[in-house]
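**Student:** Sequence order for the protein chains is D and C. Using numbering that gives the first Met the number 0, you'd call the opening residue of the first sequence number 0 and step up by one each time. Using numbering that gives the first Met the number 0, you'd call the opening residue of the second sequence number 0 and step up by one each time.
I should point out that these hints are in silico values taken from the structure, not numbers from a laboratory.
Heads up, incomplete: computed chain C residues facing chain D, CB under 10 angstroms, no partners named:
#: 1; residue: I66
#: 2; residue: P70
#: 3; residue: A78
#: 4; residue: G84
#: 5; residue: L85
#: 6; residue: G131
#: 7; residue: L149
#: 8; residue: F151
#: 9; residue: I153
#: 10; residue: T155
#: 11; residue: H159
Glycine is no exception: its CB is placed at the ideal position from the N, C-alpha and C atoms.
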Amino acid sequence: MTKATATRKRRVYVMLVLAGALADPADANAHLVNTGLGPIYDGAAHFAMSPEAILPIIALGILVGLRGLVHARASVLILPAAWAAFGFLGALFGPRAINPACESLPLLILGGLAAADIPMRAWYTALLAVLLGAFEGYNFGAAYSATRDGLPAVIGSVGLVFVLIALVSAAVLKAEWNWARVAMRVVGSWTAASGMLLLGWGLR
Amino acid sequence: MRRMFIRHMGPFVTTLLLSAGAAEAHVDSGGAYGVAAGFLHPITGLDHVVAMIAVGLWGAQLGKPAIWLLPITFPLVMAFGGFLGLLGVPMPGVEIGIALSGVLLGAAVLTETRPPLFAAAILIGVFAIFHGYAHGAELPLGENALFFSLGFVIATGLLHAIGIAIGLLYQWPWGKITVRAAGGAVGAVGAFFLWNALA
Chain D
0 MTKATATRKR RVYVMLVLAG ALADPADANA HLVNTGLGPI YDGAAHFAMS PEAILPIIAL
60 GILVGLRGLV HARASVLILP AAWAAFGFLG ALFGPRAINP ACESLPLLIL GGLAAADIPM
120 RAWYTALLAV LLGAFEGYNF GAAYSATRDG LPAVIGSVGL VFVLIALVSA AVLKAEWNWA
180 RVAMRVVGSW TAASGMLLLG WGLR
Chain C
0 MRRMFIRHMG PFVTTLLLSA GAAEAHVDSG GAYGVAAGFL HPITGLDHVV AMIAVGLWGA
60 QLGKPAIWLL PITFPLVMAF GGFLGLLGVP MPGVEIGIAL SGVLLGAAVL TETRPPLFAA
120 AILIGVFAIF HGYAHGAELP LGENALFFSL GFVIATGLLH AIGIAIGLLY QWPWGKITVR
180 AAGGAVGAVG AFFLWNALA
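Chain D extracted, bound-state conformation (with noise of 0.2 angstroms):
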């Protein structure tokens, strides 16, 4: 065997192995979570290490707690089922170019509007759920968009944000002292104002 065709041989055998090891890639698992107990588990514990999808429903159960209960049930249905439909959508479509200042506006609008305790119709409330469930699910399930499970996690995080959202507001509505209604504004105030430097913070 001369020397050329040996060279020539060593280089098939090297591509040969290049080419078997780049047909069998690894998933690439990016920001998601994985439990070991399926999708529905795995979107579910997504949702829970995502403060910034946490954060604007607490914001959201304290103001509709402090509006009072015909505001409530609207939202623990209407936000949970926007979630849902825009998860799928989401893990359907994948993700959106959005500015990420954009993540800062549930906060700064729901925590301001907590904070200031101002008087609205059932409706408005409603809309806002509308409009969380709509953005953050639609984030959360274009996050799945390039992994088959897409639709089993949006399930499992919708149970998590029903549960989020009846607790809080639950609390709220049963805060029967003047001070725990102040506090719960003064946490919405907090939220209001994380938002805002999440926003600069964006923006900058």
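Use these hints to put chain C onto chain D, whose structure you have.
**Tutor:** Here is chain C on its own, set in the frame of chain D:
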């Protein structure tokens, strides 16, 4: 023999390097650090600390509704100042404004000044912008913005709460002296920083 071993090890090592595990890009490992860094930021400057406590003291001294109105509005206005600082909007005399806030708020508590609520709110709002601006301009790059902001705002709110807790002593005669003395101490610290800022 040795050359043959090396020749076969080359493709093997290459295969190992290319068979990388799952990419868990951007796993959030700095969340707790971000909260801690944000939390420490307002409480490591004495000029900020005394002014935040003075807001709580004055709110408690003024009574309802100031006692709860000021802690609700202050973080929002301060965050607006932070927003301006983050964007780099020029604001002259920030350090003087911060030091002046300690002097005036301390003096207000010491002398038991009781202006109309809107006047107190405007005064505190102006000072809140100075404090927020200074923090916003100093916020470090590379932090987790949400966690840092949360820690920062919570620390500020807790400083108000400390001031309110001390201010609640005002309902007793000996507590009035304590609260007024705390106001005097805040004013003295503010005067020290004002001296430094003007020097």
